[in-house]
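Engineer: Modelling step: build the complete structure from the supplied sequences, incorporating the hints.
Chains as they are written, first to last, in this note's numbering: chain A, 6 to 118; chain B, 8 to 118.
For the record, the hints were derived by calculation from the structure and aren't laboratory data. These numbers were taken from a predicted model, which means no experiment stands behind them. Possibly wrong hints are sitting among the right ones.
As the list claims (entries may be wrong) - Partial selection, computed: residues in chain B whose CB lies under 8 Å from chain A:
#, residue
1, 38
2, 40
3, 48
4, 49
5, 63
6, 98
7, 105
8, 106
9, 107
10, 108
11, 109
12, 110
13, 111
14, 112
Note that the Cβ used here is the ideal one computed from N, Cα and C, for glycine as well.
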Amino acid sequence: AQSVTQPDIHITVSEGASLELRCNYSYGATPYLFWYVQSPGQGLQLLLKYFSGDTLVQGIKGFEAEFKRSQSSFNLRKPSVHWSDAAEYFCAVGGFGNEKLTFGTGTRLTIIP
Amino acid sequence: GAGVSQSPRYKVAKRGQDVALRCDPISGHVSLFWYQQALGQGPEFLTYFQNEAQLDKSGLPSDRFFAERPEGSVSTLKIQRTQQEDSAVYLCASSPDRAQFFGPGTRLTVL
Chain A
6 AQSVTQPDIH
16 ITVSEGASLE
26 LRCNYSYGAT
36 PYLFWYVQSP
46 GQGLQLLLKY
56 FSGDTLVQGI
66 KGFEAEFKRS
76 QSSFNLRKPS
86 VHWSDAAEYF
96 CAVGGFGNEK
106 LTFGTGTRLT
116 IIP
Chain B
8 GAGVSQSPRY
18 KVAKRGQDVA
28 LRCDPISGHV
38 SLFWYQQALG
48 QGPEFLTYFQ
58 NEAQLDKSGL
68 PSDRFFAERP
78 EGSVSTLKIQ
88 RTQQEDSAVY
98 LCASSPDRAQ
108 FFGPGTRLTV
118 L
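Structural biologist: This is the structure we're talking about:
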């Protein structure tokens, strides 16, 4: 069975500081990995995705993520956060021939001045 | 271009009522998905369509839940005899290939 673990329920970061959100997955084959962001009352916006190839992927809004197969991880990073990055972040896993996504429980990001 | 749209955005139902939630996918997207998101949780898969064919309905929690996409475009998720535990946000996503693009969701509250 596939699963995603986001160990941090809530993270608080100062504006301008760097950010790393953790994601560990379990999947029996080569995974497809995704990060989504959800603002209050909104749907999910795709930040970035990994299917194959270069393990460091760039996304929108200055985010990047690195796929590490040996650690079953796909952590999200941003060098300098902005107040507008405050939101809920979800990591998700799927795979070839397995179109449904399995999501983690999310990490809520708070930005302080 | 237009994204995925869902209607209504909010629905309040009395326990035992039937509800119908609509999803308009991005034009040309072959795949369509429904997810249920409980408060404070990540979305959970309900069902998946490729064109008009429902290929996976393993996530539907009971036979009170029914989804259709008769012409391979708009989809409707129907919940019969709603229960309080059905209260959640119902998210629709469409996909041209492997990445899924989500609508704003319908927040269902069952009283």
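Engineer: Determine for every hint whether it applies to the structure shown.
Structural biologist: Hint check:
no., hint, result
1, 38, "holds (6 Å)"
2, 40, "holds (7 Å)"
3, 48, "holds (6 Å)"
4, 49, "holds (3 Å)"
5, 63, "holds (6 Å)"
6, 98, "holds (6 Å)"
7, 105, "holds (6 Å)"
8, 106, "holds (5 Å)"
9, 107, "holds (6 Å)"
10, 108, "holds (6 Å)"
11, 109, "holds (4 Å)"
12, 110, "holds (5 Å)"
13, 111, "holds (4 Å)"
14, 112, "holds (5 Å)"
In the structure shown, no violation is registered for any of the earlier numbered hints.
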